[in-house]
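*Asks:* Using the hints, position chain B against chain A.
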Amino acid sequence: MDRMSLSSKTRAAQSTSERWMRYLGFPGGILLFLLILYLPAGAGLSASAQAGAACFALALVWWVTEPFPTYLTSLVLMFLLLITRTSEPKAIMDVLGMEVIWLNLLAFILSSMLVKVRLAKRMALWLILKFGRKASWALMAFVIIQMVLAPLIPATAARAVMTLPLMIVVAAIYGASEENNNNFGRNLFLLNLVGISVLSSMTMTGSSANLIAVGLIQTMGGERVYYMDWVRVGAPIAIMATMMMWWLGQKLVFPIAAQDRLPQLEGGLGLVEQQYAELGPLRREEKKALAIFGLVLFLWMTDALHMGWFGVEISAPFAALLGAVLVLFPRYGVMQWAEAEIPWHLLIFSAGAYAGGLALDDTGAAEWGVRMLFGGMDLKGVPFGVSYTVIIAVMMYSHLLTTSKTVRTLILLPIIITMAKALGWPPIAFALPAALCIDWVVGLPISGKPNVILFSTNQYSVADNFKYGVLTCTLGVILLVVSGATWFHWLGLTPSFWAVAP
Amino acid sequence: MKRLFIALMFISSAAGATVIDRYATELDVHADGGSRAMVTLDLKKCQAGRFVLPVGFGGMDRLEVQAAPDGVVLKPVPGKESSTLEIELPPGIAASNSLRFAFAAPDVLGRPKTAAGEKAKIAADTQLLRHTFVNTGALEIGVYELSVQLPGDLRVQKIAEQLPRTKRSEVLPRVRLDRTDDRQGADLQLANMKQGDRTSMVLNVVSARHSYGWLLAGLALSLAYLVGFRSLVKAEPSPESQSAQPS
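Protein chains in written order, with our numbering: chain A, 1 to 502; chain B, 503 to 749.
Isolated chain A (complex conformation) (with noise of 0.2 angstroms):
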């Protein structure tokens, strides 16, 4: 609980399925890599998108069944990118620069910072007193906590990190740590990812992909969506979303045991209690931790606020480099750079994950697995609802192709509206509800900044991942289904799902 401890040591196989997995991975990414790089050359592909896609599935195999540790997989992705000439050498190596690595490097500082003042200690214990005593509550607490953060920070990574060190020490307390993968640990840290993203499509300003979504709707589609337009069709489908994962995911995906609904310490509850009274009062290292984290989450909250009050925009990297700073400064700080818990090998495979995404959306592989999700759908002369259902779920399930949000909304939303009128549909009736889509993106660690950054801990595998984020996106699936045949329809958003277009 005082330490962060993640290592860069690979989860030790358990069962005898999981070792066949990873004694056959390795072969199995390899065929995959040569069937999708002998194929014949798709309209609209070139060569080199076409050996990023076979480099990218050949990584994805490996980081599902781990024939080798995630990072290592990451690094010959990046040289597989080099020499089947997909990616520039410049374009592979400046990933370690990303904003995304960025903010991965100094949540680690900041979340050392807390860990070892214990205030995420002193967080957690007083959480799990308050709301933890039973392993469902402790969930529920999270689910609440990212339901309060969605509409204050919109930058999904900044709330995964300011998370992040209280679900560590969370799981530590039920049992879950890197060593020791619990269902407890894969239910918390699932469950704040998807209340992390998901709940990003509660509102509009939820993030800038939404913003784009809601221009191309009214430059392309010719109406306008207002705020409160947004949240009435997108908070309910959210929180309802988040709710049942929350119930799904401990009863369903990741049972927990009988044993681990408890807390996991030598002395039950009685310990928790007794270790929080320990703690005392807040002291001055607590204090100074407190107004160093206050300040980085001030600036996270008031980012539209930053060019008329700086001139400049302090990004959440650059807040959250700024707290880096005051941490480490030496006499006044919290701690010196050698206590900062930074896992290399995370980052690592962060910037290999990024490496091979960049090239799938510059190749222009993304895109051209985008449009053949919809090339050769005739829709004509179908039932609203068919059409509708099918571009909910090619809107949904794209995101596993792309790790941008922001790339998947500029090609599939103008593509939906120009359906739409084709169709003779008013393109708001599937733009809208695509749009709601776009933040759901919880299928893989790299197809979004949260994922990567709570993938790190080391707390679930790619396979758990994807367990977790293709059942949510099919939820999503069937919730705006559902919401488009009745809701969504009386409030006049959506035709009759039994219409045919004249």
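Hints in this document: simulated from the structure, not taken from any laboratory.
Any given hint could be a false lead.
What the hints assert, rightly or not - Straight line, CA to CA, 27 angstroms or less: simulated DSS-like cross-link-like pairs of lysine-lysine: (1) B:K615 <-> A:K90; (2) B:K547 <-> A:K90; (3) B:K669 <-> B:K696; (4) A:K421 <-> A:K380; (5) A:K90 <-> B:K621; (6) B:K547 <-> B:K696; (7) B:K623 <-> A:K90; (8) A:K130 <-> A:K251; (9) B:K546 <-> B:K696; (10) A:K130 <-> A:K288; (11) B:K547 <-> B:K577; (12) A:K421 <-> B:K669; (13) B:K582 <-> B:K615.
Owing to the predicted nature of the structure, the values given are computational and were not obtained by experimental measurement.
*Replies:* Below, chain B without anything else, positioned relative to chain A:
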């Protein structure tokens, strides 16, 4: 030079009200790097007079007019980097017209020349297809389109340049790859080109045939792994098999 400029201004302004609605070029690239271009020019609000049509290819040769209203005269002016075509529209011409003409354009595909001792900037098996079109004429072009078809045994390795960058309001990318009759191609498009506007693309082109190197390397590595790491799936994982995972 000054006289030439005045003459060009005069020529361009003569048919000044004519509008080029669509300027589409289909470029059939040959294996030797040469090509045959087929141009379709849709004109609107035609007025009698002469105008200069920029052609984005140097060394324009063997002009062949395939469809044009009576009295329309086309005069090629080949240039080293890019050529032009003087088009004269006769009096009494209909308001809307379509012209079709073809010409040969040499060296559209090839390897860039490097000086002795200079480091090569592209791979030995890669050729470049460069195209730059600048609207040097006075008439605005509604839509400029170029469709390139590569020889059957070549394919695009990557789109190295596509300018200007696509705006958010544009649905289609600047350059889009496609495939017709088992030949890969690329389509460049830009709308509303005013005088001085420019569009360009550079394609890196390689052989469509795959080397078997990857297949052999992949199979060898797979086999080596299955042998070297077989301890992973022994009945009871030995300490050795666990340590096979680097820590």
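*Asks:* Does each hint fit the structure? Answer for all of them.
*Replies:* These are the hints, each one checked on the structure:
| no. | hint | result |
| --- | --- | --- |
| 1 | B:K615 <-> A:K90 | 24 angstroms, holds |
| 2 | B:K547 <-> A:K90 | 50 angstroms, violated |
| 3 | B:K669 <-> B:K696 | 17 angstroms, holds |
| 4 | A:K421 <-> A:K380 | 11 angstroms, holds |
| 5 | A:K90 <-> B:K621 | 17 angstroms, holds |
| 6 | B:K547 <-> B:K696 | 17 angstroms, holds |
| 7 | B:K623 <-> A:K90 | 14 angstroms, holds |
| 8 | A:K130 <-> A:K251 | 23 angstroms, holds |
| 9 | B:K546 <-> B:K696 | 16 angstroms, holds |
| 10 | A:K130 <-> A:K288 | 25 angstroms, holds |
| 11 | B:K547 <-> B:K577 | 21 angstroms, holds |
| 12 | A:K421 <-> B:K669 | 21 angstroms, holds |
| 13 | B:K582 <-> B:K615 | 16 angstroms, holds |
Hint compliance for this structure: hint 2 is the single one not met.
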